[in-house]
Structure formats: structure tokens, C-alpha cells
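Chains as they are written, first to last, in my numbering: chain S, 1 to 111; chain R, 1001 to 1116.
If you are wondering where the hints come from, they were derived from the structure by calculation, not from laboratory data. Note that the coordinates shown come from a computational prediction; the quantities given were computed from them, not determined experimentally. Hints should not be assumed to be uniformly reliable.
[Unchecked claim] A few chain S residues facing chain R, derived, Cβ under 8 Å:
| # | residue |
| --- | --- |
| 1 | 90 |
| 2 | 98 |
| 3 | 100 |
[As the list claims (entries may be wrong)] Just a sample of chain R residues kept apart from chain S, beta carbon distances all over 12 Å, derived:
| # | residue |
| --- | --- |
| 4 | 1016 |
| 5 | 1024 |
| 6 | 1026 |
| 7 | 1056 |
| 8 | 1057 |
| 9 | 1065 |
| 10 | 1074 |
| 11 | 1085 |
| 12 | 1086 |
| 13 | 1095 |
The C-beta atom is built at its ideal place from N, Cα and C for all residues, glycine as well.
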Amino acid sequence: AAGVIQSPRHLIKEKRETATLKCYPIPRHDTVYWYQQGPGQDPQFLISFYEKMQSDKGSIPDRFSAQQFSDYHSELNMSSLELGDSALYFCASSDGHHEQFFGPGTRLTVL
Amino acid sequence: AQTVTQSQPEMSVQEAETVTLSCTYDTSENNYYLFWYKQPPSRQMILVIRQEAYKQQNATENRFSVNFQKAAKSFSLKISDSQLGDTAMYFCAFMTTSGSARQLTFGSGTQLTVLP
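Same shape as in the complex, but just chain S (with noise of 0.2 Å):
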């Protein structure tokens, strides 16, 4: 069966740069969630978007933009990076019903 795919799966930037994070949800499922897990911690609920229009926004930065688009992929724009966004950074993708599906995630290292 088809999962949840994420691109890249590592990124590597220096602080103050940008980055962009990709989500290819399960086909069919409207629903795309991003959270973000810091070394030795839960997994933070970021944002979530549902038939392309953002429903709900958690702790997301203001440096941080995201996005779904009419293929129901979603991006996750990171700006002026810094050491603290240093995460790994997991979408989920949900068909309405109440179970989410994980990706494997973006492992991003922050210099």
C-alpha cells in the first residue's frame, strides 16, 4: 500500500538559510498535518491543511510558511533558520477519518 513520502528525508543548512520540506500524501487523503520532534522530545503539531485550505495552526514560527496544493501535496518553508529548528519534521496524512498516517520524516540539521 501506498504511504506518506517526504522529501528530502536529511537536510543540512547553516543558519539564516531557507528550506523547504515536501509532503506527497496517501492518495485520496485530503488532510495533511505537520509536526516537529526535537532530539528527545514529543512530536509538536505545526500546521494542518484540509482540502488545501489551512485548518488549523499550532506552534508554527512566523519564519515558517506552509502550503497544500491542487495534488493535495504540501510544503513546509522554513526561513532565517536557526540552531533550534534543528528537528525532525514528520507529515501525516488523513483521509477525514480519525487516523492519521505518518511519514517518515525530514531530518533537518541546522549549522
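Starting from the structure of chain S, add chain R where the hints point.
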């Protein structure tokens, strides 16, 4: 806002034995979902089991079962016949069913080690 508490940062169990991981939560809502996710060293988040709050019957999935006590706001996970592959971080998570928000709120996790 909902909070999820896992008071056991680390636990260990001998292979083939049974272990119970604890989780409590706080919410003013009546309808919600609770989940246990497993995160092995690969860091993939894997759904283990889910429980609908309106169901009195405890969910079971093969060797995994929950003890859901709604009045006490408790949601523990029991793993029977533990296997080496069960070694992972286990997260308890809450999801509201009210409004449009469906994000998961996670506990801090319990690192389970299955010993040979």
C-alpha cells in the same frame, strides 16, 4: 487545551513477559480519540492501537490491548508476550473530535526496552 502525561520515561521487560505503559490525560471534552504510537530506532511513527472515547469496550490488536478508564482519564497500554522488536519509544496521543481541529497531542513518551 488538552494535556497528556506519561509518567514512566523508561521501562524494561523480559522477552515473552507482559508490560503495561501508563498514560493519563486531561480534557473537558466528552468525545475524543486516544492512540498509542510506537517509534522504533528508525524514528518512524507507527500506530499501535486506538480507542474511541464513546466505546466502553477496550481496544485490542493482537498482543496489544488498552485499559481505558474514561472517568479516571487513564489510558494504559498492555503488551503481552513481549518481543525484541517491541523495543521502541511509545507515545500516548489525544485527538479531539470537536470542531475542525484533528491534530494529535502527544505525551512525553516511554522508552521500552525488551531484554533477551
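Find the hints from earlier in the document that the structure breaks and name them by number, from lowest to highest. 13
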